[in-house]
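**Q** So you can see what is in the structure, the chains are spelled out below.
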Amino acid sequence: MSAPAPSGALAIETVGMTKRFGGFTALDDVSMKIEAGGFHALLGENGAGKSTFVKCVMGFYPPSAGSVLIDGREAEITGPKGAQARGLGMVYQHFTLVPSLTGAENLVIGRADAPAILDWTAERAALADFMARMPFRLNLDRPVAELAAGEKQKLEIVKQLYLKARFLILDEPTSVLTPTEAEEVLGLLRGMADAGALTVLMISHKFREVEAFARSLSVLRRGRLVGGGAVGALSRDDMAAMMVGERTTRTIAARIGEPDRAREILRVEGLTATDVSGLRRIDVADLRVRAHEIVGIAGVSGNGQKELADVLGGQIRATGGRVAIQGEPYGGTRAESRRHRVRFIPEEPLRNACAPRMSVAENLAFRAFDRRGDDPDGPPTLWLDRRAMSRRAKDLIARFKVKTASSEAPIATLSGGNVQRAVLARELTDPVDLLIVVNPCFGLDFAAVAEIRSRIVAARNAGAAVLLISEDLDEILELSDRICVMSDGRLVYETPAAAAEAGVIGRHMAGHH
Amino acid sequence: MSDDLGLTTVLLAVIGGAIRVSTPFLFVSLGETITERSGRINLGLEGTLVFGAMSAYATAVMTGSPWAGVAVAGLAGGAFGGLHGFICRFPRVNDVAIGIALMLFGSGLAFFLGKPFIQPSAPPLPAIPFGFWSDLPQVQAALRVNVLFLAGAALALFLWWAFRNTKAGLIVRVVGDSAEAARAMGYDVDRVRLLATATGGVLAGIGGAYLSLYYPGSWNEGISSGQGLMAVALVIFARWNPLACFGAALLFGGAGALGPALQSVGISQGYYLFYAAPYVLTLALLIATSSPDRALTGAPGELSLK
Numbered sequence: 001m002s003a004p005a006p007s008g009a010l011a012i013e014t015v016g017m018t019k020r021f022g023g024f025t026a027l028d029d030v031s032m033k034i035e036a037g038g039f040h041a042l043l044g045e046n047g048a049g050k051s052t053f054v055k056c057v058m059g060f061y062p063p064s065a066g067s068v069l070i071d072g073r074e075a076e077i078t079g080p081k082g083a084q085a086r087g088l089g090m091v092y093q094h095f096t097l098v099p100s101l102t103g104a105e106n107l108v109i110g111r112a113d114a115p116a117i118l119d120w121t122a123e124r125a126a127l128a129d130f131m132a133r134m135p136f137r138l139n140l141d142r143p144v145a146e147l148a149a150g151e152k153q154k155l156e157i158v159k160q161l162y163l164k165a166r167f168l169i170l171d172e173p174t175s176v177l178t179p180t181e182a183e184e185v186l187g188l189l190r191g192m193a194d195a196g197a198l199t200v201l202m203i204s205h206k207f208r209e210v211e212a213f214a215r216s217l218s219v220l221r222r223g224r225l226v227g228g229g230a231v232g233a234l235s236r237d238d239m240a241a242m243m244v245g246e247r248t249t250r251t252i253a254a255r256i257g258e259p260d261r262a263r264e265i266l267r268v269e270g271l272t273a274t275d276v277s278g279l280r281r282i283d284v285a286d287l288r289v290r291a292h293e294i295v296g297i298a299g300v301s302g303n304g305q306k307e308l309a310d311v312l313g314g315q316i317r318a319t320g321g322r323v324a325i326q327g328e329p330y331g332g333t334r335a336e337s338r339r340h341r342v343r344f345i346p347e348e349p350l351r352n353a354c355a356p357r358m359s360v361a362e363n364l365a366f367r368a369f370d371r372r373g374d375d376p377d378g379p380p381t382l383w384l385d386r387r388a389m390s391r392r393a394k395d396l397i398a399r400f401k402v403k404t405a406s407s408e409a410p411i412a413t414l415s416g417g418n419v420q421r422a423v424l425a426r427e428l429t430d431p432v433d434l435l436i437v438v439n440p441c442f443g444l445d446f447a448a449v450a451e452i453r454s455r456i457v458a459a460r461n462a463g464a465a466v467l468l469i470s471e472d473l474d475e476i477l478e479l480s481d482r483i484c485v486m487s488d489g490r491l492v493y494e495t496p497a498a499a500a501e502a503g504v505i506g507r508h509m510a511g512h513h
Numbered sequence: 001m002s003d004d005l006g007l008t009t010v011l012l013a014v015i016g017g018a019i020r021v022s023t024p025f026l027f028v029s030l031g032e033t034i035t036e037r038s039g040r041i042n043l044g045l046e047g048t049l050v051f052g053a054m055s056a057y058a059t060a061v062m063t064g065s066p067w068a069g070v071a072v073a074g075l076a077g078g079a080f081g082g083l084h085g086f087i088c089r090f091p092r093v094n095d096v097a098i099g100i101a102l103m104l105f106g107s108g109l110a111f112f113l114g115k116p117f118i119q120p121s122a123p124p125l126p127a128i129p130f131g132f133w134s135d136l137p138q139v140q141a142a143l144r145v146n147v148l149f150l151a152g153a154a155l156a157l158f159l160w161w162a163f164r165n166t167k168a169g170l171i172v173r174v175v176g177d178s179a180e181a182a183r184a185m186g187y188d189v190d191r192v193r194l195l196a197t198a199t200g201g202v203l204a205g206i207g208g209a210y211l212s213l214y215y216p217g218s219w220n221e222g223i224s225s226g227q228g229l230m231a232v233a234l235v236i237f238a239r240w241n242p243l244a245c246f247g248a249a250l251l252f253g254g255a256g257a258l259g260p261a262l263q264s265v266g267i268s269q270g271y272y273l274f275y276a277a278p279y280v281l282t283l284a285l286l287i288a289t290s291s292p293d294r295a296l297t298g299a300p301g302e303l304s305l306k
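Protein chains in written order, with my numbering: chain A, 1 to 513; chain B, 1 to 306.
By construction, these hints were calculated from the structure, which means they are not laboratory data.
Bear in mind the structure is a predicted one, so any value in this text is a computation, not a measurement.
Just so you know, not all the hints are guaranteed correct.
Below, simulated DMTMM-like cross-link-like pairs (lysine to aspartate or glutamate); rule was C-alpha separation at most 20 Å, straight line [to be verified]: (1) A:K81 x B:D188; (2) A:K81 x A:D71; (3) A:K401 x A:D472; (4) A:K81 x B:D190; (5) A:K164 x A:D113; (6) B:K167 x B:D190; (7) A:K403 x A:D375; (8) A:K159 x B:E180; (9) B:K167 x A:D119; (10) A:K164 x A:E35; (11) A:K403 x A:D385; (12) A:K33 x A:E211; (13) A:K159 x A:D119; (14) A:K55 x B:D188; (15) A:K206 x A:D238; (16) A:K55 x B:E221; (17) B:K167 x A:D395; (18) A:K403 x A:E76; (19) A:K394 x A:E408; (20) A:K33 x A:E76; (21) A:K206 x A:D375; (22) B:K167 x A:E123; (23) B:K167 x A:D141; (24) A:K394 x A:D375; (25) A:K81 x B:E180; (26) B:K115 x B:E221; (27) A:K55 x A:D171; (28) A:K55 x A:E74.
Make the full structure from the sequences, and use the hints.
**A** If you want it as structure tokens, here you go:
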């Protein structure tokens, strides 16, 4: 089948959309109108109800009250399949492609009218024809698991267009794309919207993107629609003020003093490793981090940063090369990290640095529970000192302002920001020589971000060497003394932060070196 | 001289054994491949296999038709698979635990209901004598191929094709690899898994029918000796590929025939050790194909054995 162009954009309107989960109102009487061919941005902090809103529109949740109007007529959308049949499509923040299927298989099986027996010769011809109209090339014959994150994101968007979406919802579509890729993709969608083929609703945190591509916007806060209007009529300050409401945020502590050139803490030479799928290789020729210094590693997700972190954290084995800390070889064992005072804070701390169902106090004791008196410097002991653990936990909770019902509550009941605070409390209380931290602020709101970043800077000011691996370029630029760019498993660019230019870094992130 | 003949005899017996013994492995592993590709593990196939053997034998005794026995075994297997799939759709139910429960339940029920059928003899399934061209009785014996073996081989080929060329095959793979993606596409994950587990049960039941109606060709309580469980390991070793399942089933069948073959040529020392060959092979293959640094390739993403 040769897919004809989607037959016209849809106008979408919600009236009094409300969604309650038990006693909690996630979405409160939201009425929003997006004209056919519009490009509308939806702004809001984490937990503001953006995802709930779009999931109600897509029929994932039945709304508690309110309705959706498509082209002015009330439409009952009973589920994702019904939404697809009406020309509604959504690109999720997490990928919904099936990893072991090829791109072509993913596209064809997504189609509601896929035949019982697939004629791959004809399907391939139709796909080639369809892809010829896209502004980027994708290899559709490889399993999706082998694609880079950026390619997956493009494939997600291509899939919706292939399924003839006439109204497309994008949930933070550019978080895994390079700035150039983001422009390519959003430019294509804006063009289609302008041509009247597509209506777009984009959830975004990036003001620059909203200003460049959206035509109108709405802002949600705590489940309520608090404002909106045409892009251009609102300044960035207006938008930010609407998003966060009345609230003061802490500014980040400034870096004090210069890196200590004489004290090299971490040294990585010729390190090679392969991830568990065996597909992604890293080859880090030379990386040094000195005391009193933050080295930021920038890069688009999936370019080997995770593997580098896993090797340093002792989670995967290096296939070659050397990791040395203060001149001694380092393999990431508990004894070594204790001896060299290395602290590792992986990404998604609830999953990777905590035991979710154990209590906050127990999680806080992970580093020293096997030492007498829950004291990291104490001698080893067989018995847990519950009283010392609880005392220490209460002290840390107070000092790091962890919001929790009690020190005995399971850590999984805490919000993302408070989990991260608790992990930082555990890792940063005693003197630290090397801190390795990965995407520390991913998915956290403004206030938590500012606080956690200032803790990292404080550790540096106290003399620690910090290796900051982050996909958030702004974070890297803000915190680092020195910036490296990782692309395709290698460190391809290095610059002192003072001389860093976002454009140059972006180009290296995109693989143009 | 006698050594030479002995070697040939053993080789022929192993080939013949591979064909004869592999059929239940083949059916169970193909069934388990469908189930696991949909994202569930059904360890209960051992019980299904035993129950299939009993119900096929009993039906054949009572009706005089082995094919009726195969049909009843398939239906019974489907019912067991369906039960597994039905129970697993409830929240916080673990498919492995249910599988073990159903394994014990299936075997126990088969032993209970099968007591009266240990004595009577049932009509066997027909075989095709592909060895007609030879005068050697060993060759003729080795090449007597049962119809179910051929059906299994054809089924392996069909499944291999169907997993990539039919909508149903792709849907099973989608559900097994990413339930979230399947839901986003509007497929009912639990229903697909129920059907996949039931289909797997049907195949395991037919495998059981082969046990009691062809080889060894009688009903007793020790009939399966763990072949249903071995077949599950075999699926992992075959990396969820139906064609590889066929090869692996032949390999296991051949290994299983080694002990009896050595015994038949008069090796009386330590042949019991060779009875363990399939089990040793299972362990050796799993160790050889494992890696501390690599994830299992081809494993359906939703499977709980990663």
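**Q** All hints are to be evaluated individually against the structure, with a verdict given for each.
**A** We went through each hint and held it up to the structure:
1. A:K81 x B:D188: holds (11 Å)
2. A:K81 x A:D71: holds (19 Å)
3. A:K401 x A:D472: violated (25 Å)
4. A:K81 x B:D190: holds (16 Å)
5. A:K164 x A:D113: holds (12 Å)
6. B:K167 x B:D190: Distance of about 17 Å is within 20 Å: holds.
7. A:K403 x A:D375: With Cα atoms ~24 Å apart, K403 of chain A and D375 of chain A exceed 20 Å; violated.
8. A:K159 x B:E180: holds (16 Å)
9. B:K167 x A:D119: holds (11 Å)
10. A:K164 x A:E35: holds (18 Å)
11. A:K403 x A:D385: Distance ~24 Å between K403 of chain A and D385 of chain A Cα, so the pair is violated.
12. A:K33 x A:E211: holds (19 Å)
13. A:K159 x A:D119: holds (19 Å)
14. A:K55 x B:D188: holds (18 Å)
15. A:K206 x A:D238: Answer holds: K206 of chain A to D238 of chain A is near 14 Å, not above 20 Å.
16. A:K55 x B:E221: At roughly 55 Å apart (the allowed maximum being 20 Å), E221 of chain B and K55 of chain A break the hint.
17. B:K167 x A:D395: Answer violated: K167 of chain B to D395 of chain A is near 59 Å, above 20 Å.
18. A:K403 x A:E76: violated (40 Å)
19. A:K394 x A:E408: holds (10 Å)
20. A:K33 x A:E76: holds (17 Å)
21. A:K206 x A:D375: Outside the cut-off at roughly 44 Å; violated.
22. B:K167 x A:E123: holds (13 Å)
23. B:K167 x A:D141: holds (17 Å)
24. A:K394 x A:D375: Given that 20 Å is the threshold and the Cα spacing comes to 15 Å, the pair holds.
25. A:K81 x B:E180: holds (13 Å)
26. B:K115 x B:E221: Within the cut-off at roughly 9 Å; holds.
27. A:K55 x A:D171: holds (10 Å)
28. A:K55 x A:E74: holds (17 Å)
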